[in-house]
Every structure is written in structure tokens, then in C-alpha cells.
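Per the working numbering, the sequence shown starts with residue 1, numbered consecutively.
Take these hints with a grain of salt, some might be off.
Said to hold, decoys possible - With a straight-line Cα cutoff of 30 Å, these simulated DSS-like cross-link-like pairs (lysine-lysine) come out:
| id | residue 1 | residue 2 |
| --- | --- | --- |
| 1 | Lys459 | Lys439 |
| 2 | Lys199 | Lys67 |
| 3 | Lys409 | Lys439 |
| 4 | Lys418 | Lys439 |
| 5 | Lys163 | Lys199 |
| 6 | Lys163 | Lys418 |
| 7 | Lys459 | Lys409 |
| 8 | Lys439 | Lys163 |
| 9 | Lys459 | Lys418 |
To be verified - Per label pair, the in silico range of CB-to-CB distance:
| id | residue 1 | residue 2 | range |
| --- | --- | --- | --- |
| 10 | Ala246 | Pro24 | 25 to 33 Å |
| 11 | Thr76 | Asp292 | 54 to 62 Å |
| 12 | Pro429 | Ser86 | 21 to 29 Å |
| 13 | Pro200 | Ser281 | 29 to 37 Å |
| 14 | Ile60 | Thr436 | 49 to 57 Å |
| 15 | Arg456 | Pro150 | 46 to 54 Å |
| 16 | Leu437 | Val109 | 50 to 58 Å |
| 17 | Arg423 | Val109 | 48 to 56 Å |
| 18 | Ser61 | Ser452 | 47 to 55 Å |
| 19 | Val109 | Glu323 | 50 to 58 Å |
| 20 | Leu27 | Ser80 | 36 to 44 Å |
| 21 | Pro150 | Ala49 | 26 to 34 Å |
| 22 | Asn234 | Pro438 | 28 to 36 Å |
| 23 | Glu25 | Gly353 | 26 to 34 Å |
Calculated from the structure, these hints are not laboratory results.
Remember, predicted model here, so these are calculated numbers, not experimental data.
Glycine included, C-beta positions come from ideal geometry on N, C-alpha and C.
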Amino acid sequence: MKLSLVFIALLLWQPTFLFTQNAPEVLPDGGGVAPEVSPGRCLSDADRAQIQAAIDANIISLRAEGKMPAEWTEATTVLSWPLEASPELPFQNYYGISGFVDLDNSFNVIQDYACGFRTYDGHQGTDYFTWPFPWYQYENNYVSVIAAAPGFITYRQDGHYDKSCDWNGNQDWNAVYITHADGTTAWYGHLKQYGITDKPLGATVEAGEFLGYVASSGRSSGPHLHLEIKSPSNGTIDPYFGDCDAQTNLVSWMDQGPLREPTINALMTHDAIPVHSCPGSNESPNFAFQFDLGDPIIVGAYFRDQLLATITDYRILAPDGTEVDSWFHFSEGSYNGSWWYWTRNLPASAEAGEYTVEATYEGQVVTRVFAYGVVSGIDDSDLAKNFRLTPNPTSDRIYWEEDVFMASKVAVLDGRGKLIFQRQTENSPNFVDLTTLPKGLYFLRFETEEGSLTRRVVKQ
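My request is simple: use the sequences and hints to build the entire structure.
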């Protein structure tokens, strides 16, 4: 009887679903699950013993030197968010969570704090992976690791290779260890080589203070932060509260958030299919923000916690705001991280100008502007229409007229949209020097009070 009722309910629901969608469902041309970054334990028992011995020895020495209190306080540690995105990040969001602490000590049996299975056997921390394009974020230092709570630096490891793609190579990671006033210690691992804080052992750090950059040092298959909390007796603490976690009274989050947070991390346009791979030299974002008339536009959407049976609506809007294309996508699974792309062709009657692709998902609306038949981010303005780069093509320097165009910042990007360098324009010469760059296509992006303007440059 229950089965029959469910079947009847589905029949009643399905027509409503179909007729509430004004746009057609279009299956993506490709995409899938974000690359897994941590399929197992990233530290061996020997590693842990060595690290803990070093922390214990340093605490004894620091106390003897009067740099740490002799006794732990009874106050419990409250954690704030351990990551911070750069203002230059071109995405709406930057991370996902691939695994929590495994709270079942049985071999080959797993359980997370919510009584689910979002963890790995024997995993003793929480893994936050950068997404999308983790190597693009790595190269540009877009995501910093910051202290989740105040404390003392009681150990640090640096100088190790930070572009690991598997578990068979380098074993040592770069990490910072912060011991809190109650004797608990936070381990921040897989950090970038030579990019961690220069504060010495015994130095104090405040919550939110810079510790390093997200990378892939040690046993790792991609850039992510491994955050692990240890008790004064070296027990593992899971700071997440849930039905299957009985130890959150020791360390907890100031603002934990839900288990799943369905989010569009990025909505991008591309001129070729994006490639997600490791090492970073194999990752190709293929970002494109300018297209010639008649060019296909590849629309890529990148999600955190995309859920089964949820819908994303897509639209492409002409310069005057009218809709020229629309479709929707029905998610056939739940994913820690996911991505999908569609190759869209604008109507033959589409005029040149700035178009907007829009995605709506679970109440979130994300847009991305691209130029179609023009090479400008603000071409409707008189300044943009008069703006010129000379000489173009160039073999060395390329100039712009200061009295025609006022910009606060100029950036040079390669043909895939990857940032090469950027600088402020105030009190600086009105040119950039491309002498050391290989021949090829580049973009100069100028930031102004009106928005941004991008120009193609050919280095010959």
C-alpha cells in the first residue's frame, strides 16, 4: 500500500514539474564529479608519533623559557573559519569538503559526525579542497589558511614538495601547529612550500591570522587543507556537532553551518573544454570572456554540494536584457564537488555587445558577463570606445594613453585566462613589458570605477 501511494504521488508530481519549467531540459555536453583530493589517510602512525613528540618537546621548552603558560585553562576552544579567499579570486566561492573525521575506529568501517559516510577509514581530520580549478587557485595564492583560534606555534614543517598528485611520492608535508590555551592543538597540513608564516616557535597567533596557502604537500592527490584537532592527551577531536559525535564539548565551531550547503562556486565562459587534472601543468581552465560573432560559447558551472533532484536554471541575456537562450539541468546525484558544461550558439541575429549568462540554483543567482563581437568589458562608455593599445601586435612593450583611460589596476593574463601578473597603475608608467613572455595571445585587463575592460594583445 505504501508503494502504491508513493507511485501515485510521483504521477501527480511529475506533470507539475514538467509544466513549471519554461525552458527545456538540456543534458550537459560533459562534466562530472570534482577530482577526489584525499582518498585515504595522509599521515602514517610513524608520522603522527614524530609530530606529536616534537610538539610535546617544544611545549616543554617553551614553558621553561616562559613563552607559554605552565598550566592549561579550563575554557574550551571555539573555532572560526580556517580559510580566506583573496579579493582577486574570480569565482563566487572556492572550496568543498571531501571528508570529515572518521568516528568509527573499526577497520574498514566509516562514520561521520552526522552518522553518514563522508569520510575515509581512519581519517582524523577534515579536508577542505579548493574548487574549481585548484591548481589555478594554487598558482595565484587565491586561498589562504588562517588560524581558526588563537594560540602558540608549537611546531612547523616547511620546505617540502607541494604539488603531489598521489600517495606514492613525497611523504612529508608543510604544516603549522597551533596549541590553544586549553591544551588542544590544531594541525594545519598540506600547505604551500616556503609560503607559511615566518613567525617562530612560541610566537602567538590570533584567530584569523595568516598561516600559509592551500597546496598539495605530503600524501595528497590535490590542493586541500587538512585540519586536525588534538586533545592534550593526543586524542582526536571532531569539532563538528552531530548525532554521532559525542566530543564536541572539547572544541566546537563558532558557526558550524549545515552538513550540505548547495552552492554555485563559479559560473564561467570558455573557448575550449576545461580540463581538470593533476599536476597543475595538465589543468587547463580555458577561460574566455570575449568571443567573435558566430563563435560557440562554452558555459561551465561549478558546484559545491550539488544535491540529487535539484534543478539549475540557465539563461543568456542580450545587451538589452532580453533572453536569447535558456535551459535547465536536473541533478542526477549528490556530489561534494561537481561541474557541467554546455556549448551554446547564439542566434544568427545576435548583435555585438556584452551578454550575460545567468545561473539560478537553490535561491542563488550567479552571473558572468562576456563580450560577443567586441573586445571590451565596458564598451558602451566613451572612454572604452576611444581606448587603444599600441603597438599591437608587439614584441616587447605595449602602451596606452593615460589621458584617455584612467584605470586603477592592470593585469596580464595568458590565452587561457590565467593571471600572469598585475600591478597598480597609479604613479606607474603607461605600459606593460611583455619581453620575457613567449609568443602568443594574451589579455590585458584594466580595472576602473565603471567596471573592467579587457583587450587582446598578440606577442610576436
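Quick rundown of the hints versus the structure:
At roughly 5 Å between alpha-carbon atoms, Lys459 and Lys439 fall within 30 Å of each other, so this suggested pair holds. Of the supplied pair hints, the one linking Lys199 and Lys67 holds, its CA atoms being roughly 14 Å apart against a limit of 30 Å. For a cut-off of 30 Å, the pair hint linking Lys409 to Lys439 stands: about 24 Å separates their Cα positions. The straight-line distance between the Cα atoms of Lys418 and Lys439 is roughly 16 Å, inside the 30 Å bound, and the hint therefore holds.
Restraint check: the Cα-Cα separation between Lys163 and Lys199 comes to about 24 Å, which is no more than 30 Å; the hinted pair holds. Distance restraint check for Lys163 and Lys418: the Cα-Cα separation of roughly 18 Å lies within the 30 Å cut-off, and the hinted pair is therefore satisfied. For the proposed pair Lys459 and Lys409, the alpha carbon gap of about 21 Å is at most 30 Å, so the pair holds. Among the hinted pairs, Lys439 with Lys163 is consistent with the structure: their alpha-carbon atoms are about 27 Å apart, no more than 30 Å.
For the hint linking Lys459 to Lys418, the alpha-carbon distance of about 16 Å falls within 30 Å, and the restraint holds. Between Ala246 and Pro24 the CB atoms are about 49 Å apart, so this pair departs from the stated range of 25 to 33 Å. Checking the proposed 54 to 62 Å range against Thr76 and Asp292 shows it holds: the Cβ atoms sit about 60 Å from each other. In this structure the hint that Pro429 and Ser86 lie 21 to 29 Å apart at CB holds, the actual value being about 26 Å.
For Pro200 and Ser281, the hinted distance range of 29 to 37 Å is satisfied, since their beta carbons lie about 34 Å from each other. The hinted range of 49 to 57 Å is satisfied by Ile60 and Thr436, whose Cβ atoms lie roughly 51 Å apart. Between Arg456 and Pro150 the CB atoms are about 48 Å apart, so this pair conforms to the stated range of 46 to 54 Å. Evaluation of the 50 to 58 Å hint for Leu437 and Val109 yields a pass: the beta carbon distance comes to about 54 Å.
At roughly 54 Å, the beta-carbon separation of Arg423 and Val109 lies within the given 48 to 56 Å, and the hint holds. A hinted range of 47 to 55 Å for the beta carbons of Ser61 and Ser452 is consistent with their spacing of about 52 Å. The given range of 50 to 58 Å is respected by Val109 and Glu323, whose C-beta atoms sit roughly 51 Å from each other. For Leu27 and Ser80, the hinted distance range of 36 to 44 Å is satisfied, since their beta carbons lie about 41 Å from each other.
Between Pro150 and Ala49 the CB atoms are about 27 Å apart, so this pair conforms to the stated range of 26 to 34 Å. Roughly 51 Å separates the CB atoms of Asn234 and Pro438, a value that falls outside the hinted 28 to 36 Å. The hinted range of 26 to 34 Å is satisfied by Glu25 and Gly353, whose Cβ atoms lie roughly 28 Å apart.
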